[in-house]
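Going down the list, the sequences are from chains A and B.
Taking my numbering, I'd label the letters of the first sequence as residues 84 to 383.
Taking my numbering, I'd label the letters of the second sequence as residues 84 to 383.
Check each hint, because a few of them may be wrong.
Note: identical chains are not told apart, hence a pair may lie in one copy or across any two.
[Said to hold, decoys possible] DSSO-like cross-link-like pairs, simulated, lysine-lysine; straight-line CA separation at most 27 Å:
1. 305 x 205
2. 205 x 295
3. 224 x 167
4. 269 x 305
5. 224 x 295
6. 297 x 103
7. 205 x 297
8. 269 x 295
9. 297 x 167
10. 146 x 167
11. 305 x 295
12. 295 x 103
13. 146 x 224
14. 103 x 224
15. 146 x 295
16. 269 x 103
17. 167 x 205
18. 146 x 103
19. 146 x 269
If you are wondering where the hints come from, they were derived from the structure by calculation, not from laboratory data.
Number of protein chains: 2
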Amino acid sequence: MRDFSTDHRWLSINTATVRKSRGVEVLLPDIIEACARRGIRAISPWRDQVAAAGVDVVARLLKTHDMQLSGYCRGGMFPDTDAKGRQAAYDDNRRAIDEACALGAPCLVLVVGGLPGALQGKPAHKDIDLARTQVSYGIAKLLDYAGTCGMPLAIEPLHPMYAAERACINTLEQALDVCDALDPMKSGAEPGTRRAALGVAVDAYHVWWDPKLKAQIERAGKNRLLALHVCDWLVPTNDLLNDRGMMGDGVIDLPQLRGWVEAQGFAGYSEVEIFSSANWWQRDIGEVLDMCISRHRSAV
Amino acid sequence: MRDFSTDHRWLSINTATVRKSRGVEVLLPDIIEACARRGIRAISPWRDQVAAAGVDVVARLLKTHDMQLSGYCRGGMFPDTDAKGRQAAYDDNRRAIDEACALGAPCLVLVVGGLPGALQGKPAHKDIDLARTQVSYGIAKLLDYAGTCGMPLAIEPLHPMYAAERACINTLEQALDVCDALDPMKSGAEPGTRRAALGVAVDAYHVWWDPKLKAQIERAGKNRLLALHVCDWLVPTNDLLNDRGMMGDGVIDLPQLRGWVEAQGFAGYSEVEIFSSANWWQRDIGEVLDMCISRHRSAV
Numbered sequence: 084m085r086d087f088s089t090d091h092r093w094l095s096i097n098t099a100t101v102r103k104s105r106g107v108e109v110l111l112p113d114i115i116e117a118c119a120r121r122g123i124r125a126i127s128p129w130r131d132q133v134a135a136a137g138v139d140v141v142a143r144l145l146k147t148h149d150m151q152l153s154g155y156c157r158g159g160m161f162p163d164t165d166a167k168g169r170q171a172a173y174d175d176n177r178r179a180i181d182e183a184c185a186l187g188a189p190c191l192v193l194v195v196g197g198l199p200g201a202l203q204g205k206p207a208h209k210d211i212d213l214a215r216t217q218v219s220y221g222i223a224k225l226l227d228y229a230g231t232c233g234m235p236l237a238i239e240p241l242h243p244m245y246a247a248e249r250a251c252i253n254t255l256e257q258a259l260d261v262c263d264a265l266d267p268m269k270s271g272a273e274p275g276t277r278r279a280a281l282g283v284a285v286d287a288y289h290v291w292w293d294p295k296l297k298a299q300i301e302r303a304g305k306n307r308l309l310a311l312h313v314c315d316w317l318v319p320t321n322d323l324l325n326d327r328g329m330m331g332d333g334v335i336d337l338p339q340l341r342g343w344v345e346a347q348g349f350a351g352y353s354e355v356e357i358f359s360s361a362n363w364w365q366r367d368i369g370e371v372l373d374m375c376i377s378r379h380r381s382a383v
Numbered sequence: 084m085r086d087f088s089t090d091h092r093w094l095s096i097n098t099a100t101v102r103k104s105r106g107v108e109v110l111l112p113d114i115i116e117a118c119a120r121r122g123i124r125a126i127s128p129w130r131d132q133v134a135a136a137g138v139d140v141v142a143r144l145l146k147t148h149d150m151q152l153s154g155y156c157r158g159g160m161f162p163d164t165d166a167k168g169r170q171a172a173y174d175d176n177r178r179a180i181d182e183a184c185a186l187g188a189p190c191l192v193l194v195v196g197g198l199p200g201a202l203q204g205k206p207a208h209k210d211i212d213l214a215r216t217q218v219s220y221g222i223a224k225l226l227d228y229a230g231t232c233g234m235p236l237a238i239e240p241l242h243p244m245y246a247a248e249r250a251c252i253n254t255l256e257q258a259l260d261v262c263d264a265l266d267p268m269k270s271g272a273e274p275g276t277r278r279a280a281l282g283v284a285v286d287a288y289h290v291w292w293d294p295k296l297k298a299q300i301e302r303a304g305k306n307r308l309l310a311l312h313v314c315d316w317l318v319p320t321n322d323l324l325n326d327r328g329m330m331g332d333g334v335i336d337l338p339q340l341r342g343w344v345e346a347q348g349f350a351g352y353s354e355v356e357i358f359s360s361a362n363w364w365q366r367d368i369g370e371v372l373d374m375c376i377s378r379h380r381s382a383v
């Protein structure tokens, strides 16, 4: 297991973590500059932030600062009630892949979607099996396009509390079942790195509770472990979406999890992704980034 | 599958559902009277409510109204940091079994506990595997005592969002793994009904998201299916603990779930358990019970 205690060369910042500074929206170029000033070598940006700044501008900025991506957030949201909606989702996912390629991302993270309309508070139906079937179909179709430009797709299982609105893939086992069904040979988008064309993003927040976690990480192996996200689970958790904790402030044994992932050969970035409307988004971006660096060294 | 549309003979009310009426605490005898007036034949009471009224008083009231129990809430909370604490948990669980016997409950529901101290906001450690080991040990020990009075123990897997504070058994598969490990022969506490001494309580709220749900219900079979709890998952859900929905108001396909359970031979009560601080606990108990009856017929 890599020693993180003396530097932060393997720290990446998911830009949602510093989406707001003192409650005010921060633009992506400013996030990149703030990270670069602290020697942070990687980020994982969100599509809306990239769109606001412009893909080309962001690509140039990354190059200027010799900054890498640990992933690109995000594709997915496949289920819909009609073919037109599913086609629109597919088209949007292709654009996400194009952007991920333009930015040199190592993978496109997929938040696969849940019951159509549920995110808007109006679920069209209750058939989560149907949604899961549509997710598999959507990924299968997207996989062909992703292959043309060699962009790995990382299915991110989301915590079961998001099953209705955000993602009906809720365990690592389920995500790997989809991987095995759609790409049983673990086709390599990047043969040199043995990174599979279809794999998973392991986010500590979503999977820490799972009694089968270690076994499924072993099952995934190096080929399918495309990303590692960290934050912490607070007790109590006061909001289902935006009350994630800074690493070390909650109950997740992050070193153990990282140990399991690295035992498989994962040697990528540890990406900090914290949604925190009442705490971290109310603080200054500099303070948050400094804390991420500190906790990356001491608690991950 | 039984037809619930024309009567409510298989409706049970978990008394937490009507713990408060217009925001004011309701005593258990009043809950029993209110249920009896509506022809509700069963309840599942909580220990604190029983203690407040007195076990003997409650037992007499149940007899007076020819009212059954669908379960008794609850034992569990096994993990602790020291032997003394674990012994105290064991002693308390034995008392819970005694009470369940005195009230004629068909099973004692186990909410097994999570990380010691987490419920109080001060987790003693982050070792959920240790907590799980202590849970298995605790159930094994309690099983001996439960056997002496023939009281089945129903492990209730809780939603993964409660893994830290309330229950580190979070899927039906995990619960059944414990059952198979501790009681592989499905020893029968009540041979006539083929009810196993150790089984599970299936609560729709906790398990609806699980992609392996149907398969695990089939694995449980009639012997291990000791209780069925229903309510609904709202979108959005505004509170992790107390924002459960009335059946039909959320996204859970309850008839499908009940169909799966009944296909195994389950023929017990459908127990309504709704924690709802902002909605149902603010309404009048009569209104809530009438709605439970109505939705039991139309949405379960």
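Hints and how they fare:
| no. | hint | result |
| --- | --- | --- |
| 1 | 305 x 205 | neither (39 Å within a copy, 36 Å between copies) |
| 2 | 205 x 295 | between (33 Å within a copy, 26 Å between copies) |
| 3 | 224 x 167 | within (15 Å within a copy, 58 Å between copies) |
| 4 | 269 x 305 | within (11 Å within a copy, 40 Å between copies) |
| 5 | 224 x 295 | between (29 Å within a copy, 25 Å between copies) |
| 6 | 297 x 103 | neither (34 Å within a copy, 42 Å between copies) |
| 7 | 205 x 297 | between (36 Å within a copy, 26 Å between copies) |
| 8 | 269 x 295 | both (22 Å within a copy, 24 Å between copies) |
| 9 | 297 x 167 | neither (40 Å within a copy, 31 Å between copies) |
| 10 | 146 x 167 | neither (38 Å within a copy, 60 Å between copies) |
| 11 | 305 x 295 | both (18 Å within a copy, 26 Å between copies) |
| 12 | 295 x 103 | neither (35 Å within a copy, 39 Å between copies) |
| 13 | 146 x 224 | neither (32 Å within a copy, 62 Å between copies) |
| 14 | 103 x 224 | neither (35 Å within a copy, 51 Å between copies) |
| 15 | 146 x 295 | neither (40 Å within a copy, 45 Å between copies) |
| 16 | 269 x 103 | neither (38 Å within a copy, 55 Å between copies) |
| 17 | 167 x 205 | within (18 Å within a copy, 50 Å between copies) |
| 18 | 146 x 103 | within (24 Å within a copy, 61 Å between copies) |
| 19 | 146 x 269 | neither (31 Å within a copy, 64 Å between copies) |
Consistency note: the structure conflicts with the earlier hints numbered 1, 6, 9, 10, 12, 13, 14, 15, 16, 19.
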